[in-house]
Amino acid sequence: MDFLAGCIGGAAGVLVGHPFDTVKVRLQVQSVDKPLYRGTFHCFQSIIRQESMMGLYKGVGSPMMGLTFINAIVFGVQGNTMRKLGADTPTNQFLAGAAAGAIQCVICCPMELAKTRMQMQGTGEKKSSRKMYKNSLDCLARIYRREGLRGVNRGMVTTLIRETPGFGVYFLAYDVLTRALGCEPDDRYMIPKLLFAGGMAGIASWLSTYPVDVIKSRLQADGVGGERQYSSIADCVRQSVRREGYMVFTRGLTSTLLRAFPVNAATFATVTLVLMYARGEGGAGVPQDCEPAPPPGHHAAQLQQQVQPTSL
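Each number in the numbering used here corresponds to the 1-based position in the sequence shown with 136 added.
Hint data in this document are derived by calculation from the structure and do not stem from the laboratory.
Among the clues, some could well be false.
[Said to hold, decoys possible] The calculated label-pair distances, taken between Cβ atoms and stated as ranges, are: (1) A223 / E283: 39 to 49 Å; (2) N271 / I184: 34 to 44 Å; (3) L317 / T386: 26 to 36 Å.
Virtual Cβ for every residue (Gly too), placed ideally from N, Cα, C.
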């Protein structure tokens, strides 16, 4: 039931946060010479005006499809790592989170590649009404036929560099915040505290790894128009800094931070309500596991060691 609740909660997080993620990706990869958008809010307005509300949900199928697998990996690896490490300390929370982040990249990288390509579909100077990809699965299948496994795993190194410390920071921040807030099972304000801790931990995690996310998005979007700009991670960094300066690493940050809090809040609230309903609690108390799943992503929260440990 905990696993199912995590999946439903993660789905709620994706639905809330995907429009912000679409804006983030568009801002990260747009041309500096001929920018399509002036900023976060202009990007939102332009997408809705030109592509309708559905334009904000381009590529949503990919994170939805990968959600169950990512949750299974994150929950299993994080919980088992904490049990192996023994003591519930901030350091162990970071290490367990980092291990979960690294291993879930197997699913996360192809999922985000498809999401990014779908989000970029129909953009650029030559806008075509003909779609390259029908859906996320079709996108991955086409990439595989053209480039093989290497193409499907494009951006894997940057995803690892982002997700490993990113998940570690998330678990560490969440652990520190829940301890500081005094989250106890009989606290009537337990759920608001969890929502606040999860949202702030998500923001902390994104701030710690955001520059890597910019490079990852550019590498995964590279070649959408048919021509590749970057030969490697280092080449992408060099070209990006040369053209746009070091501020390039903050492109889309506003959209990302606006997304981070509500995504984690929606995930926590959904997980809590599903578990309360399933266990017939319907009132005070918290579920045994309040573990939100990560968005095109990337973040999970863990409370089992603090409240009531269970086997996953």
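Legend entry - Hints that the structure is at odds with (numbers, increasing): 2
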